[in-house]
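Turn these sequences into a full structure, and let the hints guide you.
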Amino acid sequence: MPYQYIICDPDKCTGCQGCELACSVTKHGIFNPLLSRIRNVRIEPVVMLSVACKLCEDPPCVISCPRKALSQDVETGIILVDDDLCDGCGWCIEACDFGAILLNPDTKRVEICDLCVDKDEPECVKFCGKEALYLATPEVVAQRARRDVVTRLLQELLAS
Amino acid sequence: MFAYTGKILHVDLTNQTARIQRVDEDFLKKYVGGVSLAARLAYDNTPKGADPLGPENALCFATSAFGGTIVPVGNKYGVAAKSPLTGFLGDCLSTSYFAAVIKRAGYDGIVIKGKAEKPTYVFVDDDVVQFKDAAHLWGMETFQTEEAIRGEMGDEGVRSCTIGPAGEALVLFANITNDRGRQAGRCGLGAVMGSKLLKAIAVRGSKPVEVADAEALCAMSLELAQTAQGTKTEKYRTLGTPANVLTLNRMGVLPTRNFQEGVFEAAEKVSGEYMHEHYTDKAVACAGCPIACEQVVSVKDGVYKGARTSVDYESLFALGTSCGLDYFPGIIKAIELCDRLGMDTMSCGVTISWAMECFEKGILTKEDFDGLELYFGNHEAEAALVEKIAHREGIGDLLAEGVKRASEKVGQGSEHFAMHVKGLEFAGYDPRGCQTFALGAAVGTRGPCHNRSLAYEADTHGEVDRFSGGPEKGQIAKDKEEFAALLDTLMLCKFIRGCFKDLYEEAAQLYTLTTGIEMTAEELKEVAERCWNLKKAFNIREGWTKDDDWLPPRFLEDPIPAGTSKGYVVKPDDLRVMIDAYYEARGWTPEGLIPQEKLIALGLEDLAQEIGV
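Chains as they are written, first to last, in my numbering: chain A, 142 to 301; chain B, 6 to 618.
It cannot be assumed that every hint is accurate.
Chain A stretches covered by chain B per the calculated footprint, using a threshold of three residues with CB under 8 Å from any CB of chain B [said to hold, decoys possible]:
(1) 153-159
(2) 177-187
(3) 231-244
(4) 292-299
Hints listed in this document are in silico derivations from the structure and should not be mistaken for laboratory results. Keep in mind the model is a prediction, meaning the values are calculated, not measured. Heads up, the beta-carbon is just placed ideally off N, CA and C, and yes, glycines get one too.
Right, here's the structure in full:
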């Protein structure tokens with residue numbers, strides 16, 4: 142069963158950063174984008190995207206950890222961090238192609254999106270007013286892309 | 006105390022020093038934040054009679070309780086100083102990341118005084134303040150400067166407010182820009198920065214913002230954010246403020262060719278609808294905003310191919326219809342130039358439209374304009390003139406002084422159609438067909454500003470007879486001003502105002518959940534009234550008299566020639582009646598001064614001595 146993870150639709154994302162604030166207050170009770178496990182990238186003036194852990198198969202972060210502090214939950218695919226083993230060395234951060242790992246400067250431990258498994262849905266998704274964020278498997282993402290491209294082709298065909 | 010930091014950072018550019026002023030809960034509850042707090046800081050730190058472009062003028066930034074939190078549209082900052090354009094208080098606000106980062110760096114406000122020896126930028130890195138050489142940035146455009154600073158810091162989290170060449174050249178309506186295209190636009194605060202040789206303020210903030218009741222605040226914020234996806238903000242989300250063009254045209258109050266007319270024959274071609282169909286790339290949001298009104302547009306072909314900026318109604322009217330432009334790419338180009346060069350599009354556009362009328366009437370000639378044929382609608386001449394103004398080249402040097410000074414210098418009757426009050430160029434609602442706004446524009450503390458007054462709402466929403474000026478409008482204008490002042494103090498964007506059932510009640514709740522400071526709706530009303538009186542007090546100290554509250558002659562003498570507002574003027578007697586009623590509603594004297602008892606009742610005892618009567 143492929144894992145679900147948080148997807149961001151760049152066409153819908155307006156760069157508001159609401160996801161970052163929702164995440165930091167959910168996980169830490171305070172507002173600070175630097176403590177968010179999802180981060181918004183804004184390349185002015187119109188390119189916007191939020192990025193969180195993609196729950197990779199054979200995750201490079203897990204493989205790279207010299208202290209075996211990271212592991213992948215078989216059921217959900219979430220990357221688990223063992224705070225007793227993690228020493229904040231940051232190799233996993235270097236290994237992640239998506240910049241989806243956060244080193245908490247207070248605890249000196251890394252943090253990775255856990256999809257708010259203890260809640261009904263991820264808080265960032267709940268707070269995304271534009272519905273740019275959603276939870277899906279790679280197959281569903283691909284389905285959406287196929288639907289979009291075929292719809293567009295059909296429109297062009299009908300217009301011509 | 007939560008959310009606030011209790012610290013104001015004072016930066017002295019002359020001596021390159023910085024210090025912290027501690028402010029307590031009572032002070033913060035009294036002034037709350039934003040424009041109100043910035044105005045208080047300006048009153049306290051700028052001495053009476055200071056030269057607006059001299060080192061004594063204090064440039065005062067203020068964040069708010071909501072900055073850096075999840076409260077929708079709460080990431081704004083206020084900034085105030087003595088305006089070089091009006092000589093009175095110039096209070097502005099702007100939005101986005103820069104506001105939040107000031108808070109996260111640990112400050113409720115920043116006060117900048119003095120003058121640097123050479124071009125400098127200030128880098129506030131949490132608790133550390135550095136004065137950095139800006140020689141390599143001097144001359145750069147606003148967006149470029151921001152990118153350059155981010156590049157040299159190597160950190161995307163560094164946010165800056167900057168000035169462009171116009172601020173450096175002391176164009177009196179130069180603005181302050183942050184986060185690309187967000188501007189503290191009016192009253193020339195960019196020239197204040199330029200006069201201090203201050204190119205930018207860069208801030209990195211890594212501290213968290215902690216609130217009193219995160220769970221309840223998140224729940225209330227989520228509800229508000231969801232309401233903000235509904236009908237109350239639909240206009241802003243779909244077409245943005247350019248939706249106003251056709252509405253105001255139908256009402257016959259769309260300023261056309263320097264307010265000579267209220268109907269533009271080519272309104273369709275410069276409308277929000279037309280823009281959306283041909284030029285809009287995407288609607289984007291300021292940090293913390295669920296609405297996303299900013300319409301990013303670009304020109305795909307023609308002479309202005311590649312021009313790209315954000316378009317709001319006020320820029321569109323000033324550089325568009327008021328200059329008679331019916332070619333949308335030309336308007337986009339002019340707005341983009343103003344944004345890059347760091348000038349207020351409104352003042353610039355209204356000044357250019359005055360110059361165009363001077364050209365058409367033969368008061369100024371092609372030779373005066375360095376060879377430009379400045380007839381209404383000539384977008385190429387307009388674009389060339391925008392650049393001249395920003396660099397004070399040729400005729401640009403005169404126009405960079407704003408329409409009041411330019412018309413006084415040129416004379417020959419051109420004062421009649423110099424569309425300003427107190428030296429600030431007019432906003433995009435013709436007061437002859439919006440007579441509650443006629444009052445709001447006349448009495449506004451910073452000049453004829455729709456955003457500070459909001460009185461136009463009464464006219465455009467059909468709450469009153471918009472063609473007449475009776476004494477009942479005094480109270481209406483006061484109430485609208487206070488509603489606006491509250492939003493500007495809490496630093497909530499006005500575009501969410503329709504999403505509240507009762508702004509005062511709900512804002513008081515949000516405030517208490519955020520700060521832990523008890524606040525009631527009644528107390529917030531007092532905060533708003535105090536804010537307005539404080540701004541007025543600043544002006545009185547600078548020599549304001551009743552004569553400063555009036556309208557340009559055109560609105561009083563020239564009837565609108567066509568359209569649904571045809572034949573109307575603002576009758577001087579009506580205007581006098583409205584102004585008198587307004588002073589009375591405010592509890593001021595018939596001369597528009599503030600009685601000592603009024604100031605004491607508002608908790609402004611220290612001002613009572615200085616300016617009360």
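Legend entry - Contradicted hints - numbers only: Hints 3, 4 not satisfied by this model.
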